[in-house]
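Trainee: Sequence:
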Amino acid sequence: MTMTTVPAWAIAPQNGYPAWHGVARHYRFDGDAGLFFVGDEEIRADLWVQIFMTRWEGGLRWGRQAQEWLDVAFVDSSHVVSQLSLKKSSAVNVQDYLIRLENGQIYDLPVRQQAVWCHLVAEEKRTKEDELYWVVAIEASHFASEGQFNALTAFAESAQFEWHFPGEITPQELLV
Numbered sequence: 228m229t230m231t232t233v234p235a236w237a238i239a240p241q242n243g244y245p246a247w248h249g250v251a252r253h254y255r256f257d258g259d260a261g262l263f264f265v266g267d268e269e270i271r272a273d274l275w276v277q278i279f280m281t282r283w284e285g286g287l288r289w290g291r292q293a294q295e296w297l298d299v300a301f302v303d304s305s306h307v308v309s310q311l312s313l314k315k316s317s318a319v320n321v322q323d324y325l326i327r328l329e330n331g332q333i334y335d336l337p338v339r340q341q342a343v344w345c346h347l348v349a350e351e352k353r354t355k356e357d358e359l360y361w362v363v364a365i366e367a368s369h370f371a372s373e374g375q376f377n378a379l380t381a382f383a384e385s386a387q388f389e390w391h392f393p394g395e396i397t398p399q400e401l402l403v
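In this text, residue positions in the sequence shown follow this note's numbering: the first is 228, and each later residue adds one.
Since the hints were derived computationally from the structure, they do not count as laboratory data.
It should be emphasised that the depicted structure is a prediction, and the values quoted were computed from it without experimental measurement.
Possibly wrong hints are sitting among the right ones.
As the list claims (entries may be wrong) - Derived DEER-like restraints, expressed as beta-carbon distance ranges:
{"id": "1", "residue 1": "A381", "residue 2": "E356", "range": "44 to 54 Å"}
{"id": "2", "residue 1": "Q322", "residue 2": "V265", "range": "36 to 46 Å"}
{"id": "3", "residue 1": "D323", "residue 2": "E358", "range": "23 to 33 Å"}
{"id": "4", "residue 1": "A381", "residue 2": "K352", "range": "33 to 43 Å"}
Where is the CB? At the ideal position from N, CA and C, for every residue including glycine.
Work out the full structure, taking the sequences as your base and the hints as a guide.
Mentor: Laid out in structure tokens, this is it:
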């Protein structure tokens, strides 16, 4: 057997890509601290994610007033299917980047969102009263491997993923 150089796109993704165990890992972003968390565990101020689905959803979450949320489903850097719910400026920043990506304004041609890894970062902002707060922004992106793209696309199309945010009350549930 001879040794040859295998192109990056030809390498099979690790078994179980993406890692799915019937429920998504739930990330949250704290705009006061500028940090991402999983549960109560502080992760850091940035994340690399491969987004495969988004939705706008209204409702009550985590004791906050009823408002619109941008829900983002993605694979995190440890290849686990995850989700994050964003509001206000963070939601607009991420949605705007994904629209520009798919309209060919990030790269020379339109690109599907699951074809890239996006670098989510905490971006510093100030209120009119000069108080510091943080929002989520996408700072950069780079292409996923062809194997990761194909595996994530197949997963997204399989309809296995379901949105579920702990403590979520949707407008439909308020009517009951």
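Trainee: Next, verify each hint and record whether it holds.
Mentor: Hint by hint, here is what the structure shows:
no., hint, in the structure
1, A381 / E356: 44 to 54 Å, "holds (49 Å)"
2, Q322 / V265: 36 to 46 Å, "violated (23 Å)"
3, D323 / E358: 23 to 33 Å, "holds (24 Å)"
4, A381 / K352: 33 to 43 Å, "holds (38 Å)"
The structure fails hint 2 only (numbered hints given earlier).
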